[in-house]
Structure formats: C-alpha cells, structure tokens
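One-letter residues, chain by chain:
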Amino acid sequence: MTTLLSVLLDASVYKPFATAAAALAPSFAVIGAAYGIGIIGKGAVESISRQPEAAGDIRASMIVTAAFIEGVTFFAIVVSLLILFL
Amino acid sequence: MSARYRFVIFISLLLVSFYIRANNNYPENTKGDSLNKNKNEATHEEDFNAGKMIIEHVLDSHEWHVMTIGDKPISLYLPVILYDNGKLNFFSSSKFQHGHSAYNGFKIEEKGKNKGKIVKTIGDTLETDTTAALPLDLSITKLTLSLFVSIFLLIIIFTSIARRYKKNPNSAPKGLQSMMEYLIIFIRDDVAKSSIGKNYEKYTPYLLSLFFFIFINNLLGLIPFFPGGANLTGNIAVTMILALFTFFITQFLGKKNYWKHIFNTPGVPWYMKFPIPIMPVIELIGLITKPFVLMVRLFANITAGHIIVLGFVSLILILGKISLGLGYGISVISVPLSIFMTFIELLVAFIQAYVFTLLTAFYFSAAVEEAHH
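Top line first, the protein sequences correspond to chains A and B.
Numbering (the numbering used here) for the first sequence: 95 to 180.
Numbering (the numbering used here) for the second sequence: 60 to 432.
Please keep in mind that the hints were generated in silico from the structure rather than gathered at the bench.
Take these hints with a grain of salt, some might be off.
Partial list, computed: chain A residues near chain B (C-beta under 10 angstroms) [stated by the list, open to error]:
1. Ala161
2. Thr167
3. Leu175
Stretch-level coverage of chain B by chain A, calculated; a stretch enters the list once three of its residues show a Cβ under 8 angstroms from a Cβ in chain A [said to hold, decoys possible]:
4. 322 to 330
5. 410 to 419
Heads up, the beta-carbon is just placed ideally off N, CA and C, and yes, glycines get one too.
Turn these sequences into a full structure, and let the hints guide you.
Set out below in structure tokens:
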C-alpha cells in the first residue's frame, strides 16, 4: 500500500510532466531570441539606410550578433535535451 | 595530382576496403542466445523509427553505415581497440554483431547507465560483469575516422597552397589557392589584425588552423555520403577540446595587466574586493564560462542543424508508412524544405567557424593588451 509521500518521492511518476516541460521550454527561449534578433535587424537596416557606405560593416556585425543570440538560445535546447535523454 | 598523392590515396583506399563488408543475416546459433533480440531485428523488415535513426546519425558509433543496397546494409566495421588490465585487445566491431553477441569477454551494453559503451562480460555469456571496471576504450570510431579524413584533407589542401606560395610568391593566385586566399586574408585582416592589433602575426597560425578545422569539419558533416556525414563538430567532446585549447592558450598568454583586471579590477570600489572578494569571483566565473559558451554554441548549432534536416527527411518516411500517397504528397513540401535547411546549414557552418575564431581572437587580445592610461 503506497502512501502519498512515497508516490511523491517516486520521481519517475513525474516523467510525463518533465517531458511536457522539456517540449515547451525551447519555445519560450525562441520567443526572446526572435525578438532580440528582430531588434538587431531593425537597427541594422535603419543604419544602412542612414549611411549606405557602411553597409558591409553593419551587415557583418549584424550576423555576428545574431550568432551570439542564437548561441544563448541553444542553451535552452540543450537543457531540454538533457531532460529528455538523461 | 602528383604521383606521391596518388600513391597515398591508393594505399588509404586499399586499407579502408579491407573493412567494408556486406552484413548478411545473423546466424541463429550465437552464444548466449537467451538475451538475443527477437527475429524482427535480424532481418530488415523492421518499422522505421525516426527518433532512433536521427539519434544514430548524430552520435558516435563503432561502425560506419555507408549505404544499404536493397536489403543488405553495407557498413565499414571499424576496429575496436581496448586496453584492459595491461592487455591490448584489437578486433573488428563486426564481432559484436550489433549487440547480439559478446566477443572475448566484451560486449556493448544495451541498457542502464553504461548504455552504448563497451563493458566486460562474465565468462562467455552475454551477462554484464557489474563488478568489473570498464576497459579503456581507444577504438577507431566513426568520428575518429572522420577526424583522420578531415586532417588528411586539410594537410593536402594547405601544403599544396603553401608550396605554390613559396615557388612563385608574386604571381596571381589560381585554382585552389585563390579560393582559400580569400578566407585566409579575411581571417588575417578582419579577425586577427582588427582584434589583436599590433603583433597579430604570432597568433594567426592558431586562429587560421582553428577556423579551417571547424569550417571543413562542419562542411564534411553536411555531405550525406561516405566519407562525409559524420557529425564531428557536433560532438561535445570535440568542441570541449577546442574550447580548452582556447582557454589554456589565453591563460598562458596572460600578461600582468590581464591578471590585474581579474583579481584587482581597476575602477571597482574596495568593498567589492576586500573582505568578501565578490568581484574576483565574478571575474573568475566569467573566465570559465567564456570557453564553456564557445563549446556549447558550436555543438548545439551543428547538432541542431543535422537533427532538423534529418527530421524533415524522416517526415516523408513516417507519413509514407501511413499511406503511400501521403508520403509522395508530403515529399513535395519536405524535399524543398530540406534543401532550404541545408543551405542555412551551409551558412551556419561558416558563421559558427567565424564566430568561434572571432571570440578566440577577442580573448587573446584581452590577454595581451597593455594597460592604457
């Protein structure tokens, strides 16, 4: 006969909830990343329109900064992969 | 191509061909048959399992599945080299027969915390010897072979370019030289010179090697057939080693100014440093997280890209299982999506190599920068 405490202590009962959380987690991270990269894009396009000669430099900086933001987003994906597979 | 390169390529192909053999159906009387899987696994009529296929393509393994002709998979069975209590075991991984049999007291563990690794067995059976330690696994796996292939490729490309530069240094570049020259000058000027500044020549060999190593390996991972298609830079152990190189070189290059910025940051009030050293702890944590982020960024970008492309392709197979027409229909959408994703992966391959090299250059420049008053 199992008590409530022993059911709560049995971690594998929570596996479906963990899987659901791991499936939802990257979506929140991606919302933040998409917003950030959108702001970068807006700043980049506006500065190119103000000074078209600097377009090459601005484009390179935009791509590099977007790569940084994506790198941070991938942390969320790695954490959810850890939940699913470990 | 010169005679020497032709010879080297011929010898390597000869050595590789010894390991390729078609995999016939497993014999029914393997030892320790009680733990044998059901017959479904032995033939190739098993259901298509998308998750399993994707994970297999992304992880390391002891064999390299080159293609499947009809019903028979053709794989390259790589050697397994184990060092166990002073004895070196060397045998082909075909003796494991995909986990169905043990060989010489070793088998590939199927479940539990050692899943996928080689463990010792009790005697001749398939039972795992849980008291024994794992043998030291020095095998040539798929990723090791892919590493050798990319090293070979890099050496051929760059020694031939260097020889051309030495022979006629002032002529216009042509061929392979002109393709690589753009990238070399790009890294030298826009990454090394602009970040490090004065004596940047000392660091360009490492930065260039790093960039081309990551770039060529990312590209090789995108080629779907042998010898490409192994997910080398998407393995966290490989990216960890690259990040550790950056970390150790940065610490060795660190001048007095660099350490002063970490332990005694100028401009920060004294109470952040003296009784409880908050600022040095923050800076030290930053010291560790910077290479850690490099490692995770490269690993996650490359692996996620591979998983997405494989996911689109397996969408066709999954829906094709439900009904044939659905499979054909979804392939109209799925194939262009896969091609589009592969183009994005090409861009990501270059950008990730560039970002890794750029950040490494930033860390070097922070380490060698002189105090400016």
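Taking the hints in turn, this is what the structure says about them:
1. With its C-beta approaching chain B no nearer than about 5 angstroms, alanine 161 of chain A sits inside the 10 angstroms limit, and its interface hint holds.
2. Interface hint status for threonine 167 of chain A: upheld, as the beta-carbon distance to the closest one in chain B is roughly 9 angstroms, under 10 angstroms.
3. Satisfaction of the interface hint for leucine 175 of chain A is found here, the shortest Cβ-Cβ separation to chain B being roughly 9 angstroms, below the 10 angstroms cut-off.
4. A count of 0 residues in the region 322 to 330 of chain B with a Cβ less than 8 angstroms from any Cβ of chain A is obtained; the coverage claim is therefore unmet, three being the minimum.
5. With 5 residues bearing a CB less than 8 angstroms from a CB of chain A, the region 410 to 419 of chain B meets the requirement of three and the coverage assertion stands.
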